[in-house]
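Those sequence lines, one after another, are chains A and B.
Each residue of the first sequence is one higher than the one before, starting from 1 at the first, in my numbering.
Each residue of the second sequence is one higher than the one before, starting from 115 at the first, in my numbering.
Treat the hints loosely; a few may be bogus.
To be verified - Subject to a maximum C-alpha distance of 27 Å in a straight line, what follows is the list of computed BS3-like cross-link-like pairs (lysine-lysine):
| # | chain 1 | residue 1 | chain 2 | residue 2 |
| --- | --- | --- | --- | --- |
| 1 | B | Lys424 | B | Lys483 |
| 2 | B | Lys505 | B | Lys429 |
| 3 | B | Lys338 | B | Lys313 |
| 4 | B | Lys313 | A | Lys5 |
| 5 | B | Lys304 | B | Lys353 |
| 6 | A | Lys5 | B | Lys338 |
| 7 | B | Lys304 | A | Lys3 |
| 8 | B | Lys405 | B | Lys452 |
| 9 | A | Lys99 | A | Lys3 |
| 10 | A | Lys3 | B | Lys313 |
| 11 | B | Lys155 | B | Lys118 |
| 12 | B | Lys338 | B | Lys452 |
Since the hints were derived computationally from the structure, they do not count as laboratory data.
Note that this is a predicted model, so its numbers are computed, not measured.
Each chain is listed here by its residues.
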Amino acid sequence: MSKPKCWQDVPPATIAWGASALDVETGLWRSMRPVLDQNKCISCLKCWLQCPDSSIKTSEEGRVCGINMFFCKGCGVCAQVCPVNAISMHQEADFTNEKREHGEDPGRVAGHVK
Amino acid sequence: MLNKRKEMTSGNLAFAEAMRQVNPDVVAAYPITPSTEIPVKFAEFVANGMVDSEYVAVESEHSAITACVGASVSGARVMTASSANGVALMHEIFPIAASFRAPIIFGLVNRSLGAPVNIHCDHSDSMPERDSGWIQIYCEDAQEVYDSVLLAVRLAEHEDVLTPVFVCQDGFITSHCYEPVELLSDEAVKKFVGERKAKYPLLDVDNPVSYGSFTMSEYYFEIKRTQIEGMNNVPRVYKDLTKELAEYTGREYPALDAYRAEDAEYLIVIMSSATGVVKDVVDEMRERGIKAGCLRVRFFRPFPAEELKKLAKGKKGVAVLDRSASIGGTAPLAAEVKSALYGLSKRVPLQEYLFGLGGRDLYPRDAEKVFSGLMENDYSDTARYIGLLEKDEENGGN
Chain A
1 MSKPKCWQDV
11 PPATIAWGAS
21 ALDVETGLWR
31 SMRPVLDQNK
41 CISCLKCWLQ
51 CPDSSIKTSE
61 EGRVCGINMF
71 FCKGCGVCAQ
81 VCPVNAISMH
91 QEADFTNEKR
101 EHGEDPGRVA
111 GHVK
Chain B
115 MLNKRKEMTS
125 GNLAFAEAMR
135 QVNPDVVAAY
145 PITPSTEIPV
155 KFAEFVANGM
165 VDSEYVAVES
175 EHSAITACVG
185 ASVSGARVMT
195 ASSANGVALM
205 HEIFPIAASF
215 RAPIIFGLVN
225 RSLGAPVNIH
235 CDHSDSMPER
245 DSGWIQIYCE
255 DAQEVYDSVL
265 LAVRLAEHED
275 VLTPVFVCQD
285 GFITSHCYEP
295 VELLSDEAVK
305 KFVGERKAKY
315 PLLDVDNPVS
325 YGSFTMSEYY
335 FEIKRTQIEG
345 MNNVPRVYKD
355 LTKELAEYTG
365 REYPALDAYR
375 AEDAEYLIVI
385 MSSATGVVKD
395 VVDEMRERGI
405 KAGCLRVRFF
415 RPFPAEELKK
425 LAKGKKGVAV
435 LDRSASIGGT
445 APLAAEVKSA
455 LYGLSKRVPL
465 QEYLFGLGGR
475 DLYPRDAEKV
485 FSGLMENDYS
495 DTARYIGLLE
505 KDEENGGN
């Protein structure tokens, strides 16, 4: 990854690498984290339908099996629409020790080339 | 190949004829007076199989320019046209086109912005777009429109520029008046404009790119700076291009058109079609021994500040005639001229005027009166109005 140090090194035309959205860790913006209780979940898929970031993971059988923390921005829509209260919202700060997958900083995408 | 033909044609039809000869890949347009003839005539070319272009009929100007941006970043050579409120509806997309470095060629036929609804010429539609990051060329007549389309294609697509271009002409006055226009052969145009070779075409699946990715304060500023650089390169690139086209046409167009200006004592600075009236008056005054001159600003973006400063230096008086207002501030042309002259160590007296809003004509007597004002050292701090219905005591009894 090359991160420019001056404007002359910035690519023209707001150009980034192909399919750049897949690499951008929008989850960096999250301050509240949804936590799924598999025991309560009935896999009605309301959360899957409503999630604006397509972050609800589903199994091959089409059952809800988790939430993608790389993209989830913590908007809480999933928790709101859940009819059985299987999703609860928690402070992101409570999870600081957790290992997580790192991606591209969303603030820089068009400013550097791969 | 240099077989030229002379035709009686209009600014709109000359623009459309240039489009036919350029044979762009994509045209997406939505008709609006007075630019309507451009897409109408071009649609006819498409229907009759005279061009290979994909013509996209859309439901609004916003969609027209959006389709143009999509096609342009895909690597296509793209052209469109619009006027007045159509241009205003496109506004949101103009800065995006410029930032995507999409070299779109745009026939902007100047018409006053509503309200009140009015179809005639002033520059209130193009001037709000002066900060959109597009190049703006203002033409005096239909011949210049034709030549400018060819120049604009090469200028916009030049690797060091990659910036879209507005080719502006005055609604009805230029767009609908018939005059003799010399047209190049199809082969000559083809040779001059060549083929577009896009640097980062979206359709190149072997070298995939994303356009318009999210970018915050980390790099937004730097991306804007690269755009500024593209615009800064225009004068250098354009200078070579106008020379190159002159080998075909015999006509060269400087960014700032100076008419008997070098030895003049009094200057009128103006744009587009009304320049003809001023040039005539300059000739008449010269016959009477008065050293009058005229500067026509052809490129408004990038603004030819250095040339203007050089030509206005040491003059006894300069009048700037704006065809659009910036209500509550200095009109666009006057603001640029004043800014350019700030660097002179000896101040040049300057009077601002507004004229021609909503298509009101500028007469020779008007230009004479402007020159008389300069000669009588009659200046006011605020802009004066030419041809406005007003009470006698206003406007210094003008």
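Taking the hints in turn, this is what the structure says about them:
At roughly 25 Å between alpha-carbon atoms, B/Lys424 and B/Lys483 fall within 27 Å of each other, so this suggested pair holds. A distance of roughly 32 Å separates the Cα atoms of B/Lys505 and B/Lys429; the hinted pair therefore is violated under the 27 Å criterion. For the hint pairing B/Lys338 with B/Lys313, the CA-to-CA distance comes to about 19 Å; that is within 27 Å, so the pair holds. With a C-alpha separation of about 23 Å, the suggested pair B/Lys313 and A/Lys5 falls inside the 27 Å cut-off, and the hint holds.
Taking the CA atoms of B/Lys304 and B/Lys353, the gap is near 20 Å; set against the 27 Å cutoff, the hint holds. Between the alpha carbons of A/Lys5 and B/Lys338 the distance comes to roughly 15 Å, so the proposed pair stays at or under 27 Å and holds. With a C-alpha separation of about 41 Å, the suggested pair B/Lys304 and A/Lys3 falls outside the 27 Å cut-off, and the hint is violated. A hinted pair counts as satisfied when its Cα atoms are at most 27 Å apart, and B/Lys405 with B/Lys452 qualifies at roughly 22 Å.
For the hint linking A/Lys99 to A/Lys3, the alpha-carbon distance of about 25 Å falls within 27 Å, and the restraint holds. For the suggested pair A/Lys3 and B/Lys313, the alpha carbons sit about 21 Å apart, so the restraint of at most 27 Å is met. Of the supplied pair hints, the one linking B/Lys155 and B/Lys118 holds, its CA atoms being roughly 21 Å apart against a limit of 27 Å. With a C-alpha separation of about 25 Å, the suggested pairing of B/Lys338 with B/Lys452 holds against the 27 Å cut-off.
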